[in-house]
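Enquirer: Full structure from sequences and hints, please.
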Amino acid sequence: AQSVTQLGSHVSVSEGALVLLRCNYSSSVPPYLFWYVQYPNQGLQLLLKYTTGATLVKGINGFEAEFKKSETSFHLTKPSAHMSDAAEYFCAVSQEGAQKLVFGQGTRLTINP
Amino acid sequence: EAQVTQNPRYLITVTGKKLTVTCSQNMNHEYMSWYRQDPGLGLRQIYYSMNVEVTDKGDVPEGYKVSRKEKRNFPLILESPSPNQTSLYFCASSLSTGRAIYGYTFGSGTRLTVV
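Line order of the protein sequences matches chains A and B.
If you're matching positions, the first sequence starts at 21 in this note's numbering and goes up one per residue.
If you're matching positions, the second sequence starts at 1225 in this note's numbering and goes up one per residue.
Take the hints with a grain of salt, since some may be wrong.
Said to hold, decoys possible - Mimicking DSSO-like on lysine-lysine, the simulated pairs with C-alpha atoms at most 30 Å apart in a straight line are: (1) A/K78 / A/K88; (2) B/K1295 / A/K69; (3) A/K69 / B/K1241.
Derived from the structure by calculation, the hints contain no laboratory data.
It should be emphasised that the depicted structure is a prediction, and the values quoted were computed from it without experimental measurement.
Expert: Spelled out as structure tokens, the structure:
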């Protein structure tokens, strides 16, 4: 069975600082990996995804993530945090033929002025 | 605009009073699914549907029912709600069954409180 672990339920960074949100997955087959963002009182919005090919994936709003098979990781980064990045972030895993996304527990990102 | 629409956004109800949360998508997606979101647990799948008249249980189906009579609609039914079903619910759709490569499009959520 597939699973996702997000390290840190809360992450706080200063505006302009590096954002690093950690995600490790477990999958016995090649995974599809996703990062979603949830702003207050809104649904989930796809930030980026990895399916095949290039392991460094760029998404919206300046975010990127790197698929590292040897480390079973898919960490999300942004070089310089902005106040508007404050939200909850979810990592998710799936695979070809699967009927669901399996989500991590989420990481709430706070940006300090 | 391509979207998944859920109603209502907020609902407070009493234990045992049947309710339905509606979900509709305008993208002609085959696949639809319901998730519930609880603090510290992330999102967990309740039910999913691969096409009209085809539904199946997810990870936490107890206490819920669904139907898929039309491609665009996938209502979630709680026939006898209990306080442990207090949660934030999301409907999602995807272009193709079994092709997770497309990811999901989510609705805005329904916050349900059962007292």
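Enquirer: Now look at each hint and say whether the structure bears it out.
Expert: Consistency of the hints with the structure:
| no. | hint | verdict |
| --- | --- | --- |
| 1 | A/K78 / A/K88 | holds, 15 Å |
| 2 | B/K1295 / A/K69 | holds, 26 Å |
| 3 | A/K69 / B/K1241 | violated, 40 Å |
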